[in-house]
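Trainee: One letter stands for each residue in the lines below.
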Amino acid sequence: MDIFLLEAILNGILLGGVLALLALGLNLIFGVVDVVWIAYAELVMCGMYAIYWFCAFFGWPFLLACAVAILLVALLGVLVHLLIIEPVLGSAPINQLLATGGLLFFLQSLATLLFGTDFRNLGVRLPLIEIEDISISFARLLAFAVALLGAGTLYLFLTRSFLGTAIRAIAQDRDIMGLMGVSQRQIYFTTSAIGGGLAGLASCLLVLQYDVHPFIGNSFGPITFMICVLGGLGNMIGGFIAAFVMSQIISIGGFYFSIEFSYVLAFLLFIVMMFVRPQGIFGR
Amino acid sequence: MTVARVIAALAVALLAVLPICASEYALHIVIQVLIWGFIYTAWSMMGRFGLTSFGHGAFLGIGAYIPALLWNFAGVTPWLGIPAGMAAAVLLAIVIGYPCFRLRVVGHYFALVTLALSQVVLLTLIAARDVTGGSLGMTLNTAGHSWTALQWPEKSHFYFLALVVWLAGLAVWRWIDAGLDRVALEAISEDEIAAASVGIDVMREKLRVTVVSAALTALGGSLLTQYIQYVNPETVAGVAVSLQIVFAAIAGGMHALLGPTVGALFTIVLNEALRIVFGIHFIGAANTIYGILLILFIIFMPRGIVGVAEGIFARTLRRPNGALSATRA
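Keeping their order, the protein sequence lines are chains A and B. Those letters in the first sequence? Residues 1 to 284, by the numbering used here. Those letters in the second sequence? Residues 285 to 613, by the numbering used here.
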């Protein structure tokens, strides 16, 4: 096999890890709260800025900055739920979509206002790993490993802990759970915090690979929704697999054509899939 | 309704003499309000019947780029280029709309499919950078004062063109309102299956309004390009502009005839005012406030500025329909 194609496939798998993490967070919120956060990728952008400022401006060590950023974005997730989602929980789904769309506008412009449109780089250079003729960026490998670890932890939390079980139960039947003595509101807040935390974790991994700028969310946001829908909205395992399908299309498409064209392919596949299997590849 | 007619006639007369007394800058603002108002009106033709499209950036982009490309590379006059762009948008609307409506892709699934569509058009425009100039955009070949090229140094010419197109957009809206289509579409947006069971051709009704909306959006896009004589993929295609369309229409009120135009007026004037107040130091200020307002609008007044105003009017006049309301209040 062509060595460069092999490299593209490997890079696709590594990209898939981060996309899977993003899709997991979005899916968790959708599955439990039943709201699509259009501005989910903007939370990642906030996290990336936070890490950038902590490290570059205050000179904090990277890991400390990451930990604080994860907490901050988790808090942001709670705030989003409190201020924006709760007031529209009862209205039409499309209004909920639009309210978080307003948040997208707000966060992007606020970042422009505060930090300008400059591309900022953390300046951390992680080594390249060379195996025979294939070179893999260590940052990507790390991101992949941490993303898998995060997904695994979430899986264990959801299946083994009481709170996780309650979260899954709410997703199945929100009315009955109230009768069982589980506070729906509390579960929603917990879920939003976990969803925010996952976005924060993703921002730690992405800040090592990409420059931060106010519109970075546009490069991940749309593809993340497509992945979630493709895997079946709310179906976390489906979303996880769909992330790798999409990342392969992007990576291999980028190898044969151009990176924009590979995204075009990914979006076209999404549109076609919506017609062929609207419930998602792994939907019931 | 007679009072409304008199007011409407006065307003049009006032708009017709505006270029005589308005400054170049004011005229520039009004032209933008008219063109964007027209585009938002075109979106609301679908949006008010529950067909929330996040993909109008696709139609806008096609309408903006096809006449520009034909003019720059083949010297084809926009008089032919604009219909070509509209035809392409209609074709795309059918290709996407038909399966969507046939397979009953509705609600936020419809929004996400159209969102993907607008990204496809945006990325295609950027990827074809050898022809379109990619993210750098493209400048129209200038032709001085030319009717065939639809380029005039005077703003007033453009003003009248924009005014006529905007009025035509309102006329289309009224035409949809007057026909049975509106009743059918309202029924569909309430309950699709029930509407089908009373003999409404759901497919056909949805596809018709989508085609009209796409064609008019493309026309709006080509007017924008002709006016600014420059086109950039980020400003006419993709998620950002699609969301901009949705929000402005909702802020103004997508159920009322003048709602989308009020949305355009509101957003453009707000943007200009903030730009004047803050200067170039606070680039994102306008959109930050805009974003907050949008969230507030969705939460507290989902019927938009005009929708709320109509409600107040109707109450003060103690009539079921306010005197100024052309549509259901």
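To be clear, the hints were calculated from the coordinates, so they are not data collected in a lab. Careful, some of the hints might be misleading.
Only some residues are given here: those of chain B computed to face chain A with a beta carbon under 7 Å [what the hints assert, rightly or not]:
#	residue
1	A297
2	L298
3	A300
4	V301
5	T408
6	T572
7	I579
For each residue, glycine too, the CB sits at the ideal point set by N, CA and C.
Trainee: Each hint should be assessed against the structure and marked as holding or not.
Mentor: Verification of the supplied hints:
no.	hint	result
1	A297	violated (37 Å)
2	L298	violated (33 Å)
3	A300	violated (35 Å)
4	V301	violated (37 Å)
5	T408	holds (6 Å)
6	T572	holds (4 Å)
7	I579	holds (4 Å)
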